[in-house]
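> Chains as they are written, first to last, in our numbering: chain P, 1 to 458; chain H, 459 to 707.
Hints are computed from structural coordinates only; laboratory data are not their basis.
No incorrect hints appear here.
What follows is a set of in silico ranges between Cβ atoms, one per label pair, in the way DEER data are often shown: (1) GLY624(H) <-> ASP177(P): 46 to 56 Å; (2) ASP342(P) <-> GLY624(H): 55 to 65 Å; (3) ALA665(H) <-> PRO443(P): 26 to 36 Å; (4) ALA414(P) <-> VAL573(H): 34 to 44 Å; (5) GLU8(P) <-> ALA660(H): 22 to 32 Å; (6) LEU421(P) <-> LEU574(H): 36 to 46 Å; (7) ARG444(P) <-> VAL576(H): 30 to 40 Å; (8) ARG453(P) <-> VAL573(H): 20 to 30 Å; (9) LEU409(P) <-> VAL576(H): 34 to 44 Å.
Coverage of chain H stretches by chain P, computed from C-beta distances (three or more under 8 Å per stretch; other residues unrestricted): (10) 462-473; (11) 600-607; (12) 680-691.
Listed next, the in silico DSBU-like pairs over lysine-lysine satisfying Cα-Cα at most 35 Å (straight line): (13) LYS395(P) <-> LYS553(H); (14) LYS157(P) <-> LYS179(P); (15) LYS656(H) <-> LYS395(P); (16) LYS158(P) <-> LYS656(H); (17) LYS614(H) <-> LYS33(P).
In this text the structure is predicted, and so the values were computed from the model without any measurement.
Where is the CB? At the ideal position from N, CA and C, for every residue including glycine.
Residues per chain are reported as follows:
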Amino acid sequence: MTGVSHPEAAARFVADDARAHWHDQALWWVRKKRDVASSAVPDWEALRDAAAGIKAHTLSRIGDYLEEFERNATARGAKVWFARDAAEHNAVVHGILSERGVTRLVKSKSMLTEECHLNPYLEARGIEVTDTDLGERIVQLRHEPPSHIVLPAIHLKKEEIGELFHQRLGTEKGASDPKYLTEAARQHLRRRFLEAGAGLTGVNFAVAETGGVVVCTNEGNADMGTTLPPIHIACMGVEKLVPRRQDLAVFLRLLARSATGQPVTTYTTHFHGPRRAGELHIVVVDNGRSAQLGDKVFRRSLACIRCGACMNTCPVFRRSGGYSYGFIVPGPIGSILAPGRDASAYRTLPFASSLCGSCTDVCPVRIDLHHELLAMRQEIVRRGMLPAWKRAGMKLAGWVLRFGWLYRLAAWIARRAIPALPRGLLYSRWNSWGRQRELPPMPRETFRDLYRRHHGRP
Amino acid sequence: MLTIGLFIPCYIEQLYPQVGMATLRLLERHGVRAEYPEQQTCCGQPMANSGCSADAAPLAARFLRVFRGYEYVVAPSGSCVSMVRNHYDAFLEGKPGFDELRRSTYELCEFLVDVLKVGRIDGRFPHKVGLHHSCHGLRELRLASGSERRVPGFDKVRSLLQPLEGIELVELQRPDECCGFGGTFSVNEEAVSCMMGKDRIADHERAGAEIITGIDMSCLMHLDGLIRRERRSLRVMHVAEVLAQAEGA
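Here chain H stands alone, though its shape is the one from the complex (with noise of 0.2 Å):
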């Protein structure tokens, strides 16, 4: 049984427990053995994105020792598997173990369907739902093609959730806006931020969407946290809780 380490954001950890749990059922569902080495805690991206490097390389340092060795490492977040892949080079290149890390560290869309082979998921889900593409996702892991490259369409998301029994993937105008999330530009640009989110949030409700969909939680939790204060009837969910869901796991 192939066993992999799962990388739980650490505000996924904290906040959203229910979307790893959601992680973790949908691996072992497709026969794989998810271990959650306790010691981890946060990739760095926080002060990396901050300009802050000196602070995220003790991180970047701990991350590889935690998960130096395992065959795969998994996160149910684009924008953490991103920081692995794309930079901790920073801080990390030539230490020994890093190059397999980084080649061995996936998103969980993008697990499912590049390394186990996913064609479809049986399941479902009756729902009116809208796909949230993150910008970290799409342009940094290109789980998606994406509206400014001109280059054949694929989408790795999508193509778990389209075939779900019942489900209805609503049209955006916009279809990879980014929601104005951006970690602390949430705070810093805290009028920017909400302004994007809002408009993010009023293309998923005029195209009916019930349920905003994504692969990173913190765009979601972004975009919840508008829809609350605005007591508006849409509600997020995370694709592994999604796919969870759908396929009763």
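So that you can see chain P by itself, here it is in the shape it has in the complex (with noise of 0.2 Å):
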């Protein structure tokens, strides 16, 4: 099978019994954390409705917004680039850095040039990238992807980055203790920023009245990279636009609590043009939101901001990992996300789901997670990308069930049948269920048998 089989992954996650409840408990421990943090705020359920307010308003005029984001920020000497897809987002970048001779970069946390790939693109282009929060520095220096949007490194014990600083940054060798591993992690990335030419940061808002941008980072590593070099480059995606600077208290209250269980970001930074004698671009990138937007089903999953509440609560996650997902965003929003880029590749994230429905309860801006990934299952049914074996097995059983003397014929042959076979053959390979569980006891009667006989009836 070409693209990601997810439930392949996850058994080879699973397999490993004792790092996937480590996972799942660290990562439960976050979701317990955004349950208080959650509580404290009064009106909590409010805000989230106001948030998917203002997002689904937003979007309904993302046109008039950009436009009038792009007025403002210009006004305050900030240089607006409109990117149509990553490709033309990595270019605008690099564009930037090789005019000015750039050669070294300083990247605070963005989900967007990820998305991009915008880090291969620049080295390839001799360009030295460095990450500078300590957790996407960690899947950096072991060249990994991001496994969580919010926690890059959870997949990783202490023990895991004790060994690769101590190869990569020369600590101590078996030393895991956090704060030193931490401190010196704190000693390599001074240099780096000190070195830089210019600093990437993501955006976590982007405010259409005031042209302003806002970063919210707990390392305040967003913070050294703008302030150190000249040159600061902000990359967003469209959906990023707030019309109003007070739809911030909604937003920002709602953050942090959600991905973290803080009750804000540790430094929430506002820019607002550039700083004196330096410059600031801000990359807004398409890269396939206009296409989503034009559905009305999948727009709603526009609104994420990225808390990644979803995935800390969502069973599936904890129990396999961001890897199984193989899509930079994973989990519920992600598993939404992935097919709507590539429906082939990524046909077996909508399945990776239990459709608990817990997600959508956590999501701060109410997407309706479990029913986005019912319809993302439909659309991959409706294209044909459903294994063919599966298919036909819905629809014997759908024309089996519109029949009632059919279906009852069926389910007596089952009921018989089942007890009767030796239990190699029943338990065999092609019973997936009877793995690791017992099949459900077949009685010799039914319901309908007992109802008759209740009633006085043969």
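Got two chains here, each in a separate frame; can you build the complex from them with the hints?
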């Protein structure tokens, strides 16, 4: 099978039982922190309503707000660039850097640049890129993508990071004290900040009314990266817009609480135009978002503010790991976004959910994630991408169930035949239910039989 | 006497007839005449949840034909009721009788609490019981407030179990995490599904439950399959069985 097979990747993750449980518990701990933090806000559910409303409104007038944002940002001295897709985005960033002879770039967290594969693009053109978020730096040193959008190295244990730092940063062998390792990373990154010719950040929110962009981090690395080098490049998807500054009061209260259970991120930096003698470039990227906006079902997912709450609560994500999704945004939201980009390659993702609906209930912008997953399943089937045997099985079952007598006959045969089969045959390789589970009992009588007897009928 | 249409999900009819009977006796004991239309088969959820809407559509139409006209339709399953209430509009929107059917289809506990206004059930059930909240009952039918939402707490299922004499409802570490059944998910994603199920069982075991109960026999079938394979001492019972046994019905 080409593309991602979530069931196979997940089975490999689950096979290491201790690690899978550790991963599950680490993320469940974040989910519980989110529960506590959201309880401290009296009108949490009303706040979610407000956020959903603002997002729906903004997306319905995105063109107008983009123009307003461009006007206001330009008036403040920023240069606004529009990029149709990942290739244009990468070319714009590279153009800015190469024109100014910049060979060293420091980056704070940006899922968009991951989406556009900016790092390898720049590295191939002789630019040294340093991710400065600690988790991002760890996965960059391992030549891995992030496994979670907020907690990029959540799949790693501190001992593994100790070993990595020993090899790459020269820390003591066997050292795994988080404080010691963080200090080593801090010293290593300090040098990179000082040497950098430009700093690149993501954008959490862009305010149309003011032309400002807001970046939220916990490590202050975005602030270091935009304060030391003279050039700041901020990259954002079109969906990051909010109309007014006051809308931030809604989103900033939701974001960190949903993401990590903090009341607010440690650093929330508002950039309004370039700093003195500096440059601010804002690269606004579409990369498939307009097409998604045109789809009346899947447009709702564009409201996503990338808090990661759906991942932390997802019982499947917690037990299958971010890499099992094979897409830059994993978990429930990724399982909608990925097949939206390439339905064939990511066709197993919408099925990597028990449709439990917990994601829908934690989503701070009220995306009905589990209903969108279901809609995406329909889309996969409509496009003929469900394996033929599954499609045939469903067709057959659907057909049998249209006739009461046929359904009863088929069920009668099954209830008689299954107990008669030798266990070795019944629990052979084809029986995926029975690998770890017993089959249900096969009673002689059905409810209908008992009901008839209850009413004294034969 | 109030007459309702008894909707017995296909897998309960075939595999767990005693759950259907417990439901029937419970309803009768509370003054309801439960009529079981024998032409019913399946609500179509397995097809619909697999994305095969075209295969579910005729079953939705059949369901409407079979159950149209009942003042209430009651089923001992949250997920099958959610199928009718939340997902049938894709197939039946605008069809005569559909709106009434959707509004009058109830999960058993919800029917007892919201329609029959059963405040408490007089009965005795001297066991340590873990309540497994099935996801569709919880998050699609809102039978309880759930751990994710910041709304005033309520729990319609627990409110029926709690007053039983001698019952001890154990406290779980994760009160409403999914058991991993998820219909075809249980075989498509066998590894994750079984890990989820084992984790749920472990939570109930740690809390000291002898019995895991719930409103959806499908979740319980999955958990029971794992319990029996691993020869654990817990057992599963549908809420209807617990209530009917407690009442001596």
